[in-house]
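From just these sequences and the hints, can you work out the full model?
Sequential numbering of the sequence shown, starting at -14, is according to my numbering.
Don't take each hint at face value.
What the hints assert, rightly or not - Computed Cβ-Cβ distance ranges for the label pairs, DEER-style: (1) 99 with 268: 39 to 49 Å; (2) 78 with 99: 16 to 26 Å; (3) 99 with 277: 26 to 36 Å; (4) 75 with 317: 50 to 60 Å; (5) 4 with 263: 44 to 54 Å.
What the hints contain is simulated information worked out from the structure, not anything from laboratory work. Built from N, CA and C at the ideal position, the CB exists for glycine as well.
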Amino acid sequence: MGQRPTIRDIAEAAGVSISTVSKAVNGRYGIAQETVDRVMAVVEEMGYESSLVASRMRGMRTGVVGVLVAEFEPFSAEILKGVGAAVAEAHYDLLAYSGAYGAERVGWEVKSLRRLSGSLIDGAILVTPSVLVPVADVPIVAIDPHLGPVDIPTVESDSLGGAVTAVRYLIELGHTRIGFVAGRPDLRSSRARDAGYRKALSEAGIAVDPNLIRVGFYDQETARDRARSLLSQPQRPTAVFAANDVSAIAIVDVARELGLDVPRDLSVVGFDDVLEASRMDPPLTTVRQPMRRLGIAATEMLTRLMSGEEVTDRHVVLPTQLIARATTAPPRR
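Now the structure itself:
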């Protein structure tokens, strides 16, 4: 009997590297299906001792795309709708997953990925992840990522441009005392909206007043508390830009509780254009980010990675649009 072939023999016969053989026989991502098929054909032909295991591993591909979120709220819900449409088109199933950790816990996605990758999902989309270098055995795409070096493919909206447009609109209406309720400081989107607020004021020659700025963390109850503080000042703002619609809706509610009319006494602009924004009374003026399109774009990128394709445009930024409704008007004279 001849000596059993080694992984090096398989690599030489298939014309690939040893690491490529390892990926192919263990069902890992990062190589094209054509290469997998060639390697597995050589494995079967040469009688490599791991061929039975390799065949079994290839059959364990789940056909499932996982979407990991810190919590289910309006933004992630719209993202999921986009992902759902895209995975159906690509003939994958969708697993939406949220651990019991909450958005405040840094690293929530690492534990989730360890639990799901390699056995339950073939790839993952992380929505507003708190880390950008999670270790996983499957391809990953991040939507609206954390601050820091970008080591994985990302999809996000033009938060800076959207914020500039929103504040410019308020200035064009005649407002000069414009408040800002910021989002989570750990997210690039939040920092960009803060920068856009400041940029628009600077361009108009309006000084940034720290007394008109609060941090709402994209959270409804926190935003309510910050809005009450902001609007109870003797020199309150005549308009407020909120970093997301959840915060903007909270600001409108608090304004009413304080006896202020929106928009006669206070103009409010949000960011996102969630479903509730158009249904509230009065309907919310907001910056629309293409949330469903974010989900679709992330899924398209992920499925390409899962098939072994090379993705050259790894950081996609989608445009935003101001949607003027009934919560904005010129200030009272």
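Verification of the supplied hints:
1. 99 with 268: 39 to 49 Å: holds, 43 Å
2. 78 with 99: 16 to 26 Å: Cβ of residue 78 to Cβ of residue 99: about 21 Å, so the range 16 to 26 Å holds.
3. 99 with 277: 26 to 36 Å: Given range 26 to 36 Å: holds, Cβ gap about 29 Å.
4. 75 with 317: 50 to 60 Å: holds, 53 Å
5. 4 with 263: 44 to 54 Å: Holds: the Cβ-Cβ distance is about 51 Å, inside 44 to 54 Å.
Of the hints listed earlier, there is not a single one the structure fails to meet.
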